[in-house]
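From first to last, the protein sequence lines are chains A and B. Quick note: the first sequence uses the numbering used here, first residue 28, plus one each step. Quick note: the second sequence uses the numbering used here, first residue 28, plus one each step.
Heads up, a few of these hints could be off.
Think about it this way: if two alpha-carbon atoms lie no more than 30 Å apart in a straight line, the pair counts; the simulated BS3-like pairs of lysine-lysine are [claimed, not checked]:
1. Lys74(A) to Lys508(B)
2. Lys375(A) to Lys82(B)
3. Lys82(A) to Lys347(B)
4. Lys515(A) to Lys499(A)
5. Lys363(B) to Lys363(A)
6. Lys160(A) to Lys286(B)
7. Lys356(B) to Lys286(A)
8. Lys457(B) to Lys515(B)
9. Lys82(A) to Lys353(B)
10. Lys84(A) to Lys508(B)
11. Lys499(A) to Lys477(A)
12. Lys375(A) to Lys282(B)
13. Lys84(B) to Lys74(B)
14. Lys363(B) to Lys84(A)
15. Lys31(A) to Lys282(B)
16. Lys140(B) to Lys104(A)
17. Lys356(B) to Lys84(A)
18. Lys82(A) to Lys356(B)
19. Lys515(B) to Lys363(A)
20. Lys74(B) to Lys356(B)
21. Lys82(A) to Lys457(B)
22. Lys353(B) to Lys356(A)
23. Lys82(B) to Lys347(B)
24. Lys82(B) to Lys353(A)
25. Lys84(B) to Lys375(A)
26. Lys74(A) to Lys410(B)
27. Lys114(B) to Lys140(A)
28. Lys508(B) to Lys457(B)
29. Lys84(A) to Lys347(B)
30. Lys356(A) to Lys286(A)
Don't read these hints as lab results, they were simulated from the structure.
There are 2 protein chains.
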Amino acid sequence: MSQKLTSRSEDYSKWYNELVNKADLAEHSDVRGCMIIKPYGYAIWEKMRDVLDVKFKETGHQNAYFPLFIPKSYLSKEASHVEGFAKECAVVTHYRLMNAPDGSGVVVDPSAKLEEELIIRPTSETIIWNSYKNWIQSYRDLPILINQWANVVRWEMRTRLFLRTTEFLWQEGHTAHATKQEAMDEADQMLHVYADFAENYMAMPVLLGRKTESERFAGAEDTLCIEALMQDGKALQAGTSHFLGQNFAKAFDVKFADKEGKLDHVWATSWGVSTRLMGALIMTHSDDEGLVLPPSLAPIQVVGIPIYRNDDELNAISDKFITLGKSLKSLGISFKFDNDDNRRQGWKFAEYESKGVPIRLAMGPRDLENGNVELARRDLKTKEIVAFDGIESMIQQVLAAIQQNLLQRSKDFRTNNTFIVDTYEEFKEKIDAGGFFMAHWDGTNETEEKIKNETQATIRCIPLDFVNEEGKCMVTGAPSKGRVVFAKAY
Amino acid sequence: MSQKLTSRSEDYSKWYNELVNKADLAEHSDVRGCMIIKPYGYAIWEKMRDVLDVKFKETGHQNAYFPLFIPKSYLSKEASHVEGFAKECAVVTHYRLMNAPDGSGVVVDPSAKLEEELIIRPTSETIIWNSYKNWIQSYRDLPILINQWANVVRWEMRTRLFLRTTEFLWQEGHTAHATKQEAMDEADQMLHVYADFAENYMAMPVLLGRKTESERFAGAEDTLCIEALMQDGKALQAGTSHFLGQNFAKAFDVKFADKEGKLDHVWATSWGVSTRLMGALIMTHSDDEGLVLPPSLAPIQVVGIPIYRNDDELNAISDKFITLGKSLKSLGISFKFDNDDNRRQGWKFAEYESKGVPIRLAMGPRDLENGNVELARRDLKTKEIVAFDGIESMIQQVLAAIQQNLLQRSKDFRTNNTFIVDTYEEFKEKIDAGGFFMAHWDGTNETEEKIKNETQATIRCIPLDFVNEEGKCMVTGAPSKGRVVFAKAY
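Working from the sequences, and respecting the hints, build out all of it.
Structure below.
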């Protein structure tokens, strides 16, 4: 635990892996590409989930649960969808094991072969639209506004904890509407819910935009996204919201009768964020000492550590901290008093630093005598001696200040790493150092593909606040109506 | 929606299926044995989950998440465990689909065969203990108190919504301890957490007991359980808590060093409840009109229905109900005002009755004039005209009374359907009519098996409050130290 992390400047990727391990967030399982989310990591995910869940319900959505298994034939019903997902799925072919005839253990029972193979859901559009077909007859049944919290599986070849794993946890909203406009508004609304969550809880500024055709979700007519910039200058897609048009309604024959009795296919959206957000959170704020958490999502917001030489001192300090814990609890602030006698103070300081606890309080005999406590801020690594009495309101202020500072710091970082470039030469020269690059593009797949092949950079999005600006594509010189955002990405 | 349910007395099983459908709780999916939990059903499950989650955390547990997939070889490591679970599992053998050469759709890509097949978890002891191996070195690492909310799959041949489905949702606690006593205490503690939840939230009285050897969890040394009695006289196992001894620690070689440095295997428990509780909740309280919900778990506790002939009347009534909704919200009471103009009052009355909403308020022009409202209780099907002013405190009292009444009613039912029998003749005569039967048993597997074969009744549990009473086994006449509980069961 006392081992130092590799620094970000030395090896960002190594730093990330070590940090996830040191802060006890997650680990690889023996199952290829599947992670174990450890209690501390899961507690952060729970906080994210709870905040998002409230926002979904406030916008009229209800939770439900659909099967893990998708019949193979469902995937094929939407042509582009199967193209996008068939290549990376786990396939269930049998439903029983039996003792091996040679006594060597258990083997698949060949007689228990499924007539039709089942796919572990990589996303649930198909199984859900197959159900909606029975739920929707008339305009009175619309809209359907459903969300599901679930695990999904995509067979990834290269995996990284939280960022890309074979199994991951997510939520997926699936809505059905009577009109195109309403579905488009829903997709837009949910994108803004995500953006609000990213900024105001994760303290992570995001660009709002739409994907180019080649980067769209398989089966969508329009994919909206939020894009964040990590400290190494790489972009991370943090959430997507899809306008699906009538594609899935057509594939699953879902029609409704309008007020005049006229039949039409239903309009759809889907939208999701996943445990990938954990990776985004880690990489946005953390430093060479470990995790840095915004107070809004910290499972422990304040930790109290006693410094003592004997039981009398410990008891006196404990009294203070236990009383403080109660009053913080009544203010909705989570406090942990760590009086574990098996661990030394230095170990504890390092431990909570690496776990990103926003405020650390330490009290020794002299502090006790003087009515003081030491307050350390994780974000700035500052500490000061302050009066213990009335510290509750100071803690509230400091937590708010940390939340604010983290957001401002990441906004500043993004500002300092967003570049306007006009020539492909300049682009190629600068792209490796990272950042968002605002450049003119001729709007063709060919140019996008060429840039990707030559630089590994992709168009992250066409910004929602796209500014009309006459220009010339940096590659082909063809006319362009405005700049799009390029970056290398996770 | 207006169709009446089959009555319980006519066909209990049909009544159950129709009720689950009519109350919009769940439905079968096209995937064999897998259910879709619809928003209203899921909202009840969410409430259950949230209450239990708080109780788990209050008793020191943390949530985490382990992989969906279990390597086939893990299952074999604990001998009795594999016997219990290998026969009913979903097996993943491939990780990719490809376009069929004949263009007919997608088929399994034969080149993407897994070296070792993966099992969809039927329960997670093996994958979790394989991880604990790396987490535990010394007594300082103990206890580990972890819970997981997850989906699991058991390939059931006969399925019923909520009661027995191929995929279901559950929580599974997995704890590791330094001593046998501590693990046994943990198993006992969690059983009491379940019993408290069943009684005080589900309003469902339960017997606490232990399973006989033949009914134990595969891999457990002792299985504790809570058993409830449904209205048709059949028992339902509502939760189990297992003392696993050192079985899994030995299978996965998990040892710890005690304070003296001596190595020993770790002691374990696991415990779980599932969406099966939804079935128990439905069958404990509901009646021929539909679902009856205890207020503690009702997503909507109070519904307000306006009765009006024109917009002026609707507006005046709406004002009243909207104001009431706000004050109920501040009291933590969930209220729905149903002003849907597309539905008639009679339809609404039937709808909320079938959905088990505990209190229905209806207000018409005359009520408005007189300052009254009609209050109907779902449990007793009574209604009365009461003064609207100050109705909040009355609602609080009525909700508490409903909760209390439902518990008392199901306790009385159980009392009236618990029988002491001394002869196998009497047992066989009465068992088909249902109920708990307290009888002497000689303690052998053979006798238990004989009774099961001849009557389909099983020993539900040996009660924790087992009374020492000399007697003779009702079947063999061999001596017995006390009575155990028999019933036919779900």
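Okay, the hints, checked on the actual structure:
1. For the hint linking Lys74(A) to Lys508(B), the alpha-carbon distance of about 52 Å lies beyond 30 Å, and the restraint is violated.
2. Using a Cα cut-off of 30 Å, the hinted pair Lys375(A) and Lys82(B) holds, with the two alpha carbons roughly 28 Å apart.
3. With a CA separation close to 27 Å, the supplied pair Lys82(A) and Lys347(B) stays within the 30 Å bound.
4. For the suggested pair Lys515(A) and Lys499(A), the alpha carbons sit about 22 Å apart, so the restraint of at most 30 Å is met.
5. Using a Cα cut-off of 30 Å, the hinted pair Lys363(B) and Lys363(A) is violated, with the two alpha carbons roughly 39 Å apart.
6. With a CA separation close to 63 Å, the supplied pair Lys160(A) and Lys286(B) exceeds the 30 Å bound.
7. Restraint check: the Cα-Cα separation between Lys356(B) and Lys286(A) comes to about 35 Å, which exceeds 30 Å; the hinted pair is violated.
8. As the CA atoms of Lys457(B) and Lys515(B) are separated by approximately 11 Å, the hinted pair is consistent with the 30 Å bound.
9. The suggested pairing of Lys82(A) with Lys353(B) holds, with an alpha-carbon distance near 19 Å, which does not exceed 30 Å.
10. Between Lys84(A) and Lys508(B) the alpha-carbon distance is near 56 Å, which puts this suggested pair outside the 30 Å criterion.
11. Only pairs whose Cα atoms come within 30 Å are accepted, and Lys499(A) paired with Lys477(A) is accepted, the gap being roughly 16 Å.
12. Of the supplied pair hints, the one linking Lys375(A) and Lys282(B) holds, its CA atoms being roughly 26 Å apart against a limit of 30 Å.
13. Between Lys84(B) and Lys74(B), the direct Cα distance comes to roughly 16 Å. Compliance with the 30 Å bound is thereby established for this hinted pair.
14. Distance check on the hinted pair: Lys363(B) and Lys84(A) sit about 14 Å apart at the alpha-carbon level, within 30 Å; holds.
15. For the hint pairing Lys31(A) with Lys282(B), the CA-to-CA distance comes to about 28 Å; that is within 30 Å, so the pair holds.
16. The suggested pairing of Lys140(B) with Lys104(A) holds, with an alpha-carbon distance near 24 Å, which does not exceed 30 Å.
17. With a C-alpha separation of about 15 Å, the suggested pair Lys356(B) and Lys84(A) falls inside the 30 Å cut-off, and the hint holds.
18. Pair hint Lys82(A) plus Lys356(B) holds up; C-alpha atoms about 18 Å apart against a cutoff of 30 Å.
19. Taken as a hint, the Lys515(B) and Lys363(A) pair is broken in the structure, with Cα atoms around 49 Å apart against an allowance of 30 Å.
20. Annotation: proposed proximity of Lys74(B) to Lys356(B) holds, straight-line Cα distance about 16 Å (limit 30 Å).
21. A hinted pair counts as satisfied when its Cα atoms are at most 30 Å apart, and Lys82(A) with Lys457(B) does not qualify at roughly 54 Å.
22. Between Lys353(B) and Lys356(A) the CA atoms are separated by roughly 26 Å; this keeps the pair inside 30 Å, and the hint holds.
23. A distance of roughly 37 Å separates the Cα atoms of Lys82(B) and Lys347(B); the hinted pair therefore is violated under the 30 Å criterion.
24. In summary, the hint linking Lys82(B) to Lys353(A) is supported, as the alpha carbons are separated by about 19 Å, within the 30 Å threshold.
25. Between Lys84(B) and Lys375(A) the alpha-carbon distance is near 23 Å, which keeps this suggested pair within the 30 Å criterion.
26. As the CA atoms of Lys74(A) and Lys410(B) are separated by approximately 42 Å, the hinted pair breaks the 30 Å bound.
27. In summary, the hint linking Lys114(B) to Lys140(A) is supported, as the alpha carbons are separated by about 13 Å, within the 30 Å threshold.
28. For the given pair, Lys508(B) sits about 23 Å from Lys457(B) by alpha-carbon distance, which is consistent with the 30 Å threshold.
29. Proposed proximity of Lys84(A) and Lys347(B) is supported: the alpha carbons are some 24 Å apart, at most 30 Å.
30. Between Lys356(A) and Lys286(A) the alpha-carbon distance is near 53 Å, which puts this suggested pair outside the 30 Å criterion.
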